[in-house]
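Trainee: Using the sequences and the hints given, assemble the complete structure.
Each chain, letter by letter, is given below.
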Amino acid sequence: MNRVALLIALGYLGLGLVAGGIYVSSVAKFVGYSETIFRFEGPGQVRVESANFTQDPGTENWTIRITWRFVNNGRLPIILQSFLFELYVDNRSDPTPWYVGGKQALEFHRTGSFFLDRTIAPTIDPGGYYEWPWGVNATGPDTSKIVRDPGTGKVWIVLTDLRIVFFVADVESRQEFFPSDLYLGV
Amino acid sequence: MVALTERVRDAGMFLAWSFLGALIVAAFFIAAFFGDFGPIRFTDPGIAILFMPLFTAFILGMLLTRYELIVAVISALFTTILAVVLIVLFLVAPLMAGVVTEGASLQQFVLQRVALSAVLLFPLVLLGCVVGRAIGEKILPPEETRKRREELAVETRAWHEQLAKTGAKPPADEARKP
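Chains A and B, in that order, give the protein sequences. For my numbering, add 26 to where a residue sits in the first sequence, where the first one is 1. Counting from 1, position 169 in the second sequence corresponds to residue 149 in my numbering; the numbering is continuous, with no gaps.
It is worth saying that the hints were derived from the structure and are not from the lab. There may be inaccurate statements among the hints.
Partial list, derived from the structure: chain B residues whose beta carbon lies under 7 Å from chain A [stated by the list, open to error]: (1) Leu0; (2) Ile4; (3) Ile10; (4) Ala11; (5) Asp16; (6) Phe17; (7) Gly18; (8) Ile39; (9) Met42; (10) Leu43; (11) Phe70; (12) Pro74; (13) Ala77; (14) Val79; (15) Val80; (16) Leu120.
Here are some chain A residues pointing at chain B (derived, C-beta under 7 Å) [said to hold, decoys possible]: (17) Tyr38; (18) Ala45; (19) Gly46; (20) Ile48.
To list a few chain A residues with every Cβ distance to chain B over 12 Å, as calculated [what the hints assert, rightly or not]: (21) Ser51; (22) Ser52; (23) Gly70; (24) Gln81; (25) Gly166; (26) Asp168; (27) Ser206.
Don't be surprised by glycine CBs; every beta carbon is placed ideally from N, CA and C.
Mentor: Structure (structure tokens):
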């Protein structure tokens, strides 16, 4: 093999090594990306960490506090751009399940959400979590619809129409998913 | 025995160069086409998608000058198939790693990308390989060809000198006489 051919062969080999690095790195990131989405959209990754309903003494007003926890069990960071939910308080003195008929229309209802720019949105590192406290001081005539269950003494809440928009690491593709409804006694 | 060793070495080199070519083509195709996942970002992915297979195959063709032309064509086909296989492996890697579940949309996605990459890559790789081999043969002839050419040149010169000594003119000149 003459010198020029040897030089070309070495260059080709070098390019092959660089390409091998690019290939392995791309595969690893693609697998990590898919795994991060797959795990985040799995059960229990978006949950209520704590919820409190406190009635202000001597009034019909309530202070409602719900802390959401978003868990990232994937390999890449998640940027949480927006989250939206609907809160209903189920009046259990009516035995009809909360999802049947028009029961929800008659119940106490609030909407919670945040919408942020990607650059300032919270980043959840792999293996970490992000807690988002949400609260509202409920006043007005509809607060009378907040009724504790006579049997358990708890306020039963329905968290429905959950919608999350997020990004994984620096990947441009926007992800959206709709976690299952939650029904909790607090 | 020597011929067999040489044949095995030739086959090994052919496979090694072709596999390396496929790896280069596939890696740059993925980095350009699925830009979010590659460690390098191209300002113009289209150029990378078109240029890299052509360039890689051109170099591959130059490295295959000691082989017949048909080997370069087979290498282009082999390189493209290997590159498509590597692209498919990239696409199904999450499935193989068990981090996603298979769905109809994934199959469709993979099939579309495979078809697109094969259609895009094969003509470019083939063209690059054949042109590379042709140019390589001119500027980088294999050792045996170069020696044969040199021997032929020496022989021709000696023959011309013999003719000059005898005072005879080369047959080509005589033929031109009316």
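Trainee: Does each hint fit the structure? Answer for all of them.
Mentor: Verification of the hints:
1. Checking Leu0(B) against chain A by beta carbon gives a least distance of about 4 Å; that is within 7 Å, so the hint holds.
2. For Ile4(B), the interface hint holds, the least distance from its beta-carbon to any beta-carbon of chain A being 4 Å, beneath 7 Å.
3. Checking Ile10(B) against chain A: minimum C-beta separation of about 5 Å stays under 7 Å; hint holds.
4. Contact between Ala11(B) and chain A, as hinted, is supported at the beta carbon level, the nearest pair being about 5 Å apart and thus within 7 Å.
5. The interface hint given for Asp16(B) is met, as the beta carbon of that residue sits about 4 Å from the closest beta carbon of chain A, less than 7 Å.
6. With its C-beta approaching chain A no nearer than about 5 Å, Phe17(B) sits inside the 7 Å limit, and its interface hint holds.
7. Checking Gly18(B) against chain A by beta carbon gives a least distance of about 5 Å; that is within 7 Å, so the hint holds.
8. Against a cut-off of 7 Å between C-beta atoms, the interface hint on Ile39(B) holds, since the closest Cβ of chain A lies about 5 Å away.
9. Because the closest C-beta pair between Met42(B) and chain A is about 6 Å apart, less than 7 Å, the hint holds.
10. Because the beta carbon of Leu43(B) sits about 6 Å from the nearest beta carbon in chain A, less than 7 Å, this interface hint is met.
11. Taking 7 Å as the C-beta contact cut-off toward chain A, the hint placing Phe70(B) at the interface holds, the least distance being around 5 Å.
12. A distance limit of 7 Å between C-beta atoms decides the matter here; for Pro74(B) the minimum to chain A is near 3 Å, and the interface restraint holds.
13. Nearest Cβ of chain A to the Cβ of Ala77(B): about 5 Å, under the 7 Å cut. The hint holds.
14. Hint status for Val79(B) relative to chain A: holds, with the closest Cβ pair at about 4 Å, below 7 Å.
15. Because the closest C-beta pair between Val80(B) and chain A is about 5 Å apart, less than 7 Å, the hint holds.
16. Checking Leu120(B) against chain A by beta carbon gives a least distance of about 5 Å; that is within 7 Å, so the hint holds.
17. Hint status for Tyr38(A) relative to chain B: holds, with the closest Cβ pair at about 5 Å, below 7 Å.
18. For Ala45(A), the interface hint holds, the least distance from its beta-carbon to any beta-carbon of chain B being 4 Å, beneath 7 Å.
19. With a cut of 7 Å, the hint placing Gly46(A) at the interface with chain B holds, because the nearest CB-to-CB distance is about 6 Å.
20. The closest approach between the C-beta of Ile48(A) and any C-beta of chain B is roughly 4 Å, which is under the 7 Å cut-off, so the hint is satisfied.
21. The Cβ of Ser51(A) sits about 5 Å from the closest Cβ of chain B, inside the 12 Å cut-off, so the non-interface label is violated.
22. For Ser52(A), the condition that its CB be more than 12 Å from all CB atoms of chain B is violated, with the nearest at approximately 5 Å.
23. Every C-beta of chain B lies more than 12 Å from that of Gly70(A), the closest at about 17 Å, which supports listing it as non-interface.
24. Distance check for Gln81(A) against chain B: the nearest CB is about 46 Å away, which clears 12 Å, and the non-interface claim stands.
25. Residue-level check passed: Gly166(A) sits 46 Å from the nearest beta carbon of chain B, beyond 12 Å.
26. Every Cβ of chain B is farther than 12 Å from the Cβ of Asp168(A); the closest lies at roughly 43 Å, confirming the non-interface assignment.
27. Every beta carbon of chain B lies more than 12 Å from that of Ser206(A), the smallest distance being close to 17 Å; the non-interface claim holds.
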